[in-house]
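Letter by letter, the chains look like this.
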Amino acid sequence: MKKVRIISCMLLLLLAALAWVEGYKPPTPLKFIVPRNWPKPKYDFAKNPLTQEGFLLGRKLFYDLRLSVDSTVSCGSCHQQFAAFSTYEHNLSHGVNSSLTTRNAPALQNLAWQSNFMWDGGIPHLDLQPLMPLTAANEMGETLGGVIRKLQQDASYPKLFTAAFGSPLINTQRMTKALSQYMLMLVSSNSKYDRVMRGEDSFALPEQLGYNIFKQKCSTCHKEPFFTDGSYRNTGLPVDNTLNDYGRMNSTGDHKDSLKFKVPSLRNVAVTFPYGHDGRFFSLMNVFDHYRRDMVVAATTDTLLLRRMPLSNYEIGQLTAFLNTLTDTIFLKNSMLAPEGKLESVPFQHLH
Amino acid sequence: MVIDHAEKTMDTINKNLFLFWLLMSLALLPVAGFIMHPTRRVTIRFRHKIGAREMQLFNETYTNPFGEPITITRFKYYISHLSINEKELSSKTFLINEADSSSKTLVFTTGITSPQTLSFVIGVDSLLNVSGVQTGALDPLNGLFWTWNSGYIFARMEGKSDSSHAPAHSVNWDVGGFRSPYNASRKIQLTIPTDIIKAADPVIVIDADLLKWFNAKHTITIAQSPLCHQPGKLAMQLADNYSTMFTVAQ
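First to last, the protein sequences are chains A and B.
When we follow our numbering, the leftmost residue of the first sequence carries the number 13, and every step to the right adds one.
When we follow our numbering, the leftmost residue of the second sequence carries the number 20, and every step to the right adds one.
Accuracy of the hints is not assured; some may be wrong.
To be verified - Here are the simulated DSS-like pairs of lysine-lysine, each with C-alpha atoms no more than 27 Å apart in a straight line:
| id | chain 1 | residue 1 | chain 2 | residue 2 |
| --- | --- | --- | --- | --- |
| 1 | B | Lys68 | B | Lys252 |
| 2 | A | Lys268 | B | Lys68 |
| 3 | A | Lys59 | B | Lys111 |
No lab work stands behind these hints, which were simulated from the structure alone.
None of the values given here were measured: they were computed from a predicted structure.
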């Protein structure tokens, strides 16, 4: 124990000396603000303290096309800010070599409060998430070794890693920690709904009526303030016979989990269409018609929905008005989150 | 101007001297530790075999207990909780890789004077599967990591066989899984022979017979199961089988 303490003292001294000789500047801490009345984040910031340099490095990585095998796809290609970091207007996203993902890209927001990722919850830590798109043949098609080599050989990355982590070492852990630093800052908490909750604004009548219906019919699963309770449920989407996606069962191997998918957040839902785990619903109206008419009730269907969900046209109108209050334009237009701090606008035509 | 310059030089000399002494004292620390605690050196060496013969990657075609041919192209596994007399030699996880001979010899210093038993786990602690990205042997860059349903691959045997119906006649056994009920980690316990116990700096050679993958607690043929790519029943059976593959060489 004593030896350990002596060694760590010496190391600290050595670091201090190095800093003195090299003129090394420690990174500037970045504050993570927990919105009022929100619970404590689940991400362990102690293991990856946010810094301005780490965030900027993460942002650069997120938008860097060279992270894919043929330099055509970045994280930002499928996760577009104006669509709350989902893929704008796409049911499935496009990867390298004209490939398609098999699921709809979800919005990336409030990830610090999430402990499992993907529609089936197969990834148990935010830092582990980038490994999947980087290496999947239908996303970025690279190998981790290939990505790390490109970053090491680049002229600017070693400097940016030094600024963020204190030395030019580039490895998988540092790369994914930087990406997490960027993604953790994707906090959406400034929609009209949030302002109303903070007492800074008030709902119009249809919005208020919609909110009342929502609390009655939807919020068990789409729980406030994240509009998801993080659980996996079968809401009666029959399996698509080209995708054969059984959701949570893929991850747990348990038949009871067949066709269960993570309850998606409904924040910014107005801009994240198409909807559903495979993007089969092109509008909110399609989703409502599913809940009230098209659901297929089977063995693992959620007990709340065994008789589908009756919804009148009137209720649908009010619900839609309420759901529109969940759009957070401050988040969608925050230039800090955009590539090199420059905001991109919604494309006039299909981009990727 | 001249004075200014001299001052700057003095400053760098001072800094360099200081750094020099710091580095020297750091370098001497482990030596000091060694003198204070007399220890033994234990060497653990893994040998990969097909029956009685030492195996070779790529160059040879072997026959499994069911008469199926196989050429092995990759063979590697993670071991953790390496212990002697149930005392851990290291808290690290090691990647033993047939293609990297240096990975097959591990050297430790220990205060244990009479090593009777050796144990280790083939697998990676569940906590390390869920707490972000690790470094070193556990860097996902080493390829033993499932990225879409996160978790480490504990052991991989890969090759080609005319008995395999999988694309390109591949045999691809990736075994892993840390979530119950498909937790594929297995603890291995071995007894150390007396002449090794008595040696001053014991060298423990562990033989691993790859034929056990096919036939031990379960029979697993290439024709029936050429591929294992996820945690589940087949992975559990392969793990049961290979957990019997180790013996201490006499």
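Checked hints:
no.	hint	result
1	Lys68(B) <-> Lys252(B)	holds (26 Å)
2	Lys268(A) <-> Lys68(B)	violated (42 Å)
3	Lys59(A) <-> Lys111(B)	holds (19 Å)
In this structure, only the earlier hint numbered 2 is contradicted, and the remaining ones agree with it.
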